[in-house]
Structures are given as C-alpha cells and as structure tokens.
Amino acid sequence: FDGQGYTISNFKVTKSTTRTDNVADCPYGLFGNVNGTIKNLNIDNATIAPANNGTFAGVLAGRLQKGAVVDKCHITNSTVTITNWQAGGIVGQAYECVIKNSSVSGTKITGKSAVGAIVGMVMAEGEYTFDKCAVRNCSIIQDGSFGADYDLSFGLATGIVNHSNSTLNINDIVVENN
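8 is the number of the first residue of the sequence shown in the numbering used here; add one for each residue after it.
It is worth saying that the hints were derived from the structure and are not from the lab. Treat the hints with caution; some may be incorrect.
[What the hints assert, rightly or not] Each computed DSBU-like pair below joins lysine-lysine, with the alpha-carbon atoms no more than 30 angstroms apart:
#1 22 x 79
#2 115 x 139
#3 115 x 19
#4 19 x 139
#5 22 x 46
#6 115 x 73
#7 79 x 107
#8 22 x 139
Modelling step: build the complete structure from the supplied sequences, incorporating the hints.
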C-alpha cells in the first residue's frame, strides 16, 4: 500500500470482532494483518480501542507478518487502548519485519503488558530492523495486570522481545519527551 504522502485522519476502530473461535487473537488497526509493504502514509487523530478483550493493536497495523515493511509512515495525536497485551503506537505484534523512516508523536498507548511506542511485541525468533524512527511526546501506560513477570514489559522501541533467538537492529532512533 502506497499512501503517496496523504494523511488519514479521525478514524476509530472500536467495534468488537464477530469472530467467535478466538476473539483475543484478532489484530486491530487501520490494517489488521500485513504481509507486504505499507509506505508513505500519515495517520492523525486515530483511536484504536476494540470493545472486546482485543490483542495485537497498533494505529497502523495490528500485526506485521514475516517480511513486512513499514516505510515513511507517521502516526500523530492518536490513541491505542486495549484491555489485554501487545499494543504499539505503530504495530501491536511483529514477526521478522522492517520499520524505517517512520515516527510516532503525541500518542497514548495503553495495555496490560508488551506495550511499545513503535511495536508492542517482537514475537518470534528472527531478524528485526527499526531504522531512522522517532518517538516524541508519547505516553505508555500499564492498565491492569496478568500477575506475571511480563507485566512490566514496556518500552519506547518495543515492549517485549518474546524469543531469545531474536536479533534487533535498532539504528538512529530519536526519543524525546516521553
């Protein structure tokens, strides 16, 4: 998807999924699951707050699959609120992906655990790249508890790295006033 530099503003994802087999395993965002590339897109004043016990929530995408790329995407003045885990300013959950030349600013991200300004959870073994990204004026909030050690997994790049055989290439990240 090439946004051609356009801005999508004032959208909300608040409705529960109609999926009945595993409601907690549904991704939420402007895009649900992404297998390809999203580039040249700005999102302003979005609200991602699924009404059910949602997981994998991000303003741009709920989940990036292996090989997905996010390039030149900018999130501003938005909110991600879930009552579970894996919430991110850009992406909720990621598998071997690249996020580059992108930013999150003025955004509030709330969840129980695995909450990150760029990605909530780096899910599996493999290689991940966050390059030339910025996080400015964001809030990361823990809202509730699972009663486990991973309750305390929050971060500005990623909330949690879930596999010991993961390689994170984090280059040229700007973090200000968070």
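These are the hints, each one checked on the structure:
Annotation: proposed proximity of residue 22 to residue 79 holds, straight-line Cα distance about 28 angstroms (limit 30 angstroms). For the hint linking residue 115 to residue 139, the alpha-carbon distance of about 21 angstroms falls within 30 angstroms, and the restraint holds. Simply put, residue 115 and residue 19 have alpha-carbon atoms about 14 angstroms apart, close enough for the 30 angstroms limit, and the pair holds. For a cut-off of 30 angstroms, the pair hint linking residue 19 to residue 139 stands: about 28 angstroms separates their Cα positions.
Under the criterion of a C-alpha separation no larger than 30 angstroms, the hint pairing residue 22 with residue 46 is consistent with the structure, at around 26 angstroms. A distance of roughly 27 angstroms separates the Cα atoms of residue 115 and residue 73; the hinted pair therefore holds under the 30 angstroms criterion. Between residue 79 and residue 107 the CA atoms are separated by roughly 7 angstroms; this keeps the pair inside 30 angstroms, and the hint holds. Of the supplied pair hints, the one linking residue 22 and residue 139 is violated, its CA atoms being roughly 33 angstroms apart against a limit of 30 angstroms.
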